[in-house]
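Q: Chain L is fixed; fit chain D onto it per the hints.
Okay, here's what each chain looks like letter by letter:
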Amino acid sequence: MAEGGGGRGDGGDKVRDEFFSEAQELVDGLGRDLLALDDALKHGRTDVELVNDVFRAVHTLKGLSALFGVTRMAGLSHELEEVLDDLRLGRLEVTATLLDLLFRAVALYSRILAAEKGDGEEPSAEIEQLLLALGQTSQRPTGRGGGGVAQYDLDPALFGVLTEYEEHRLRSSIQQGLSLFRIRVRFSLATIDSALDELKASARPHGEIITYLPSGSGADVDTIELEILMAGRATVDVLRGAIAAPNVAIEEVRRRTASSSQPAGRPAEQLVSQAAPPLATSGAASSAPPAAPRQPPAVATRADAAEMSLRSVSQTVRVDIRKLDRLMTIVGELAIVKTAITRLSERARARAADPRELAMELQRLNRSFDRHLAQMQGGILEVRMVPLGQVFDKLARIVRQISRDLGKEVNLVVTGADTEIDKLIVEELSDPLMHMIRNAIDHAIEGRAERLRVGKPPVGTLALNAFQKGNHVVIGVEDDGAGMDPKGIVAAAIRRGIVTAQEAAELSPRDVLALVFMPGFTTRDVATDTSGRGVGLDVVKTNIAKLGGVVDIASDVGIGTKITVTLPITLAIINVLLVEIAGRLFAVPLASVDEAIQLDASQLRAVDSREVMTVRGASLPICRLDRLFGLAPSHGARKYVVIAQVGTRRLGFVVDEIVGQRDIVIKALGQSLKGVRGFAGATELGDQRVALVLDVAALVEEVLSPGEARFLGWQPAARGA
Amino acid sequence: MAAPSKARTEKRAARRAGEMGSRTEYLAFLLAGENYAVRIGHVAEILRPPPITEVPRSSPTVLGVISVRGRLVTVVDLRRRFRLPEAPLNTPMDRRARILLADVGRGEQIGLLVDEVQQVWRLAVEEIEPANALGGEQPAYIAGIGRPAAGDGTVLILLDLDPILESP
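First to last, the protein sequences are chains L and D. No gaps in the numbering here: position 586 of the first sequence is 586 in my numbering, and each next residue is one more. For my numbering, add 1000 to where a residue sits in the second sequence, where the first one is 1.
Pulled out of the complex, with its shape left as it was, chain L reads as follows (with noise of 0.2 Å):
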């Protein structure tokens, strides 16, 4: 877990890695101007300045693009561009349409830098429809679109390298329904110079050469082969005519038709709406009624859109530089101790000096080396830090998406966008949270007219906010949505057999809740495109237990639906308690862990075949952890009880001898240990030792299980002060 990727000293690596992490930041900071525009456009305004920002944030990526060979970034870039253009010259005007073709570019950059990755499929149908979609948005005073560019078969990385006035004449021969056609030639590097001239000569009488453009493939060291982009009235046949030559190929660059580059029967100003202004580009635009109602987005987008993640490509941390320069001071003072010890050890070998008073001064240094090192692991932690707004914003754009996929309409508020966390933890935790705010557009809040039916607000309100307490996080995901309906899920969990309706007769509404955590459940009999896809919220749980995190639920019907989860600041150093079981040492994690006591035995006693204790007067199960690891039990006197809290479950864990806390690095067990549960991991003591980590979610969830746990009736004890 805390182990870091092997050394990747290559140094194309690195610029592709830079590469990576400014795309990725350019589209993240995109998707946020564009919320700021979206809620801009709620209130009725447009920001001139925000649209000049967008169209920076894309030429900038166009540009990074192309030079990095992303050829379909850049190709959308450029049309993107030419929108933006549009725009920002008061050519068009932002529409909530508009900004849904928008943000599914920004959705797309997100795909295509996975895909470069190698983490997924580049998504070449849907770059395609969007840039259909954009190319009819785009509107010129000359009536030239974009679109009709699209329309051809030409590679979008094209018009990263042209020229402007080359674009120019390319649109204008477009426009004139001029043929193109695309030259490949190839030329000895010796003579190319005449040779291009008495190819430019020969083919001046048919039409206009627009561009030529070194094409990179199959030249060898003497030869150089040309693609040349040209427009004329002629025919290829003769232009074939008229320049032949054995290294001569030519062919009409072919307009596409509609079947070709859309999924069939699905008109391109489906794609684009109704709300657009009427556009003269084609015939078939006019073809479909204005008010057809809004189709959504290719079925198979959708599908995708929904298997998506959200986890960005790039494992960069920036930087604040005031950070960097408080550890480059500590580091400084680090090599003052340095010195120091040296002297010391100089001295100590000259004999010189009084032992005591040596001593003395290796206590000295010892105590100072502490400071300075605890500051430096506080400092690097600190660097790794990142506010959790990074993921925030990426779920805004999820739940614009959704809200809008689902014509519901939910406002979304946000606050403690600026709590840190590991970065590494933001990263996982964006599928989550994106899949519990799936859940809460999709299936919790109503729509409009049932809203007001229940005399509710008619926009629905989802709420995430974030705070720091103590060394956890705490995330919520809350809507004003139905609620969860106990009955409901219990007559689901039955169905789908997760229990019986013997069991589900003996649950408390708190385990009823639980149920819905559980592999395979489902209140849906058929799934819907934005979630219950039969990834459940079992996997949330999962992926959340994965980084040490509990999720809870609470939820009143009618009223809204609240998960909460729970997650460590950091996974690089805990704090952890050292304790003794059958003369082995074991870690638990303090983050976990409420308050260690002495076993009192004699308030002890069995419920229904478990151990319960009594701890100021409130029940608190009990687990013997050498019996459940399956270790001879020790027969010392004394034992302890480590109690401890995950959600608001609480267990306490006998062991025999508290050893003390210790800040250590957890590693992870290695692949083949990965069936073995109850681990987090492992780590090393200083004396080549090593203590296993208890992964106490894990347990707690194993112990106190829905199956076991819910004929306890426990109730949480009163914490202590």
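Take these hints with a grain of salt, some might be off.
Examples of chain L residues toward chain D, derived with CB under 8 Å [claimed, not checked]:
(1) R584
(2) G630
(3) P633
(4) S634
(5) I666
(6) K667
(7) L669
(8) G670
(9) L673
(10) R677
(11) Q688
Sample of chain L residues at the chain D side, in silico, Cβ under 10 Å [said to hold, decoys possible]:
(12) V593
(13) A596
(14) P621
(15) Q645
(16) R649
(17) L692
Here are the in silico distance ranges between beta carbons for each label pair [unchecked claim]:
(18) L:R616 / D:R1071: 39 to 45 Å
(19) L:F521 / D:E1129: 29 to 35 Å
(20) L:E25 / D:R1071: 52 to 58 Å
(21) L:V607 / D:D1094: 37 to 43 Å
Note that these hints are calculated values from the structure, not bench results. Glycine included, C-beta positions come from ideal geometry on N, C-alpha and C.
A: Okay, now just chain D, sitting in the frame of chain L:
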């Protein structure tokens, strides 16, 4: 005495073998009195056993985990894996006991506890018998039987580590 002449014999054998074509290097080790060998390419390192931390609830053949320069490595007891008698007094920490760090795919290394590491043999194809030479069905981890020409009748059980590492 005998040793130098033996070394000479070996050298001669090796030279002869070199002329005969390709050879594979095997690392031979002792396990409950038997000679075993694995392809040396699989072995990344040979360690003196550090303290091993038992992992409750893991497979009985897993002795536990050790830390090798800050990395956790799962250690498998090959005696238990091959259902050989337990080491006397159940103390695997004999002076000569070693852990072979074997490379597994997936970037993981697994430690194999053996009684004693012996030597490296370079075996030619002719010196390796297929596993079924033992008669009957043999477990998947037995790749064959090595009979080094220079080995004075030494018989090596050649192991294929993959089946062992897949399910330690």
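Q: For each hint, tell me whether it holds in the structure or not.
A: Right, here's what the structure says about each hint:
no.	hint	result
1	R584	7 Å, holds
2	G630	6 Å, holds
3	P633	13 Å, violated
4	S634	14 Å, violated
5	I666	10 Å, violated
6	K667	5 Å, holds
7	L669	6 Å, holds
8	G670	5 Å, holds
9	L673	6 Å, holds
10	R677	7 Å, holds
11	Q688	5 Å, holds
12	V593	20 Å, violated
13	A596	21 Å, violated
14	P621	20 Å, violated
15	Q645	23 Å, violated
16	R649	22 Å, violated
17	L692	6 Å, holds
18	L:R616 / D:R1071: 39 to 45 Å	44 Å, holds
19	L:F521 / D:E1129: 29 to 35 Å	57 Å, violated
20	L:E25 / D:R1071: 52 to 58 Å	32 Å, violated
21	L:V607 / D:D1094: 37 to 43 Å	49 Å, violated
Hints 3, 4, 5, 12, 13, 14, 15, 16, 19, 20 and 21, counting from the list given before, are not met by this structure.
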